[in-house]
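S.K.: Sequence:
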Amino acid sequence: MVGLLDITKEKEQEERLIEAYQELQVQAEELRQSQESLQSAYEALEKAKEEAEARRKELEDSLVAAQRYQRTLLFRTRMLYDAWGYDHVAVVARAHTYVGGDFVVVRQRGDWLYVGVGDATGHGSSGALLAVTVQGLLHQALMLVEDPAQLHQALEEARRELYEVLEVQPGRDLSGDGAEVALVALPLRREGKLYIATAGRPVYLLTPEGRLTEYHQGRRGLGWSVPGQTPEPYSTEALPYHAGSTVFLFTDGVTDQLNPEGKRLGRRTFLEWLQETPSVGADPRDKMRFLLQHWHAWKGEETPQTDDVLLIAIALPKA
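Read in my numbering, the sequence shown has 233 at position 233, and its numbers run on one by one without any break.
Don't take each hint at face value.
Straight-line distance between alpha carbons at most 35 Å, and here's what the computed DSBU-like set of lysine-lysine pairs gives [to be verified]:
| id | residue 1 | residue 2 |
| --- | --- | --- |
| 1 | Lys-57 | Lys-299 |
| 2 | Lys-318 | Lys-193 |
| 3 | Lys-263 | Lys-318 |
| 4 | Lys-47 | Lys-57 |
Don't read these hints as lab results, they were simulated from the structure.
Generate coordinates for the entire structure from the input sequences, incorporating the hints supplied.
M.R.: See below:
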C-alpha cells in the first residue's frame with residue numbers, strides 16, 4: 001500500500017508540474033504576443049512621430065516661405081528709399097506671427113511719391129490675404145490719381161473695389177472686414193505742399209521743435225459697412241512742406257503692445273515718445289532707434305509681441 005501511495009503522489013506531483021509548465025508556456029506566449037504588440041505599437045508611434053515631424057517641418061517651411069513673400073510683397077519699401085533717399089527714411093515692419101495684416105503702399109507718379117501704411121483685419125494668413133488684396137487695390141487706385149490734391153480719390157476707388165471683392169452692399173450689409181489706411185503724397189521737388197488722406201489710421205507731423213500734429217480726417221476704414229449708414233466721404237488735406245519736420249505713419253500694433261504686467265502701451269505714451277525724438281537729432285533712423293529702445297523697454301524681454309507692428313518715419317529735407 002505504501003508503495004502504491006507514493007506512486008500516486010508522484011503522479012499527482014508530475015501532473016501538477018506538467019500543468020504548471022503548460023501554464024508557464026501559455027504565459028510565455030502571452031508575454032511574447034504582448035511584446036510583439038508593444039513593439040508594433042512602438043514602431044507605429046515612431047512612424048507617427050516621424051510623419052508628424054515631417055508635417056511640422058513642411059508647415060514651418062511653408063510659413064517661412066510665406067513670411068519671405070510677405071516681406072517682399074507687403075513690406076516693399078525699396079521704391080521709398082530710392083525715391084526719397086536712404087538718409088531720410090526709417091522703417092520697422094514685424095509681423096505678429098510668420099505673416100500678418102500690416103502692409104506698406106508706395107507708388108511714384110510724376111513729381112510725387114505716394115506713401116501709406118495699412119492694417120487689415122485679422123491675424124496670420126487671413127489677415128495677410130486681405131492685406132495683399134487691399135494693397136493691390138490701393139496700388140491701382142493711386143496710379144489713377146492725376147492730382148495729389150485729390151489723394152482721397154484713391155481711398156474712394158479702393159473702397160469701391162473692396163466692397164465688390166467682399167460682396168458687401170455699403171449701407172445695407174454689416175461688415176467688419178477691411179483695412180485702416182493712411183496715405184501721404186510727398187513732393188519729390190521737396191518744396192511747396194504735401195497732401196494727406198486717411199481712412200481709419202492717422203498721419204502725424206512732427207516739427208524740429210517737438211510740436212506734434214495729428215491728421216485724421218477719415219475715421220472709417222476701407223470695407224466696413226453698417227446698415228442704415230452711408231459710408232463717409234474721404235477728403236484730402238494740404239499742408240505746407242516744412243523742411244526739418246518728420247512724417248510718422250504707424251499701425252495700432254505699436255500702441256497695443258502689452259508690458260509684463262499686461263498693461264497696454266497706449267497712444268498717449270507713444271505720442272509723448274514721438275515728441276521727445278528731436279532730442280536725438282533730425283535723422284529719422286536715430287528717431288526710430290530712440291522709439292524702439294523705449295518700446296522694447298516697455299515690452300520687456302519675456303513678453304511676446306501683441307500684434308503686427310509697422311512704423312515709418314520720413315524726414316522732410318531741404319530742396
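S.K.: Hints first: check each against the structure and report whether it holds.
M.R.: Verification of the supplied hints:
Only pairs whose Cα atoms come within 35 Å are accepted, and Lys-57 paired with Lys-299 is accepted, the gap being roughly 30 Å. This hinted pair checks out: Lys-318 and Lys-193 have alpha carbons roughly 13 Å apart, not beyond 35 Å. Restraint check: the Cα-Cα separation between Lys-263 and Lys-318 comes to about 41 Å, which exceeds 35 Å; the hinted pair is violated. For the suggested pair Lys-47 and Lys-57, the alpha carbons sit about 15 Å apart, so the restraint of at most 35 Å is met.
The structure fails to meet hint 3 from the earlier list, while all remaining hints are met.
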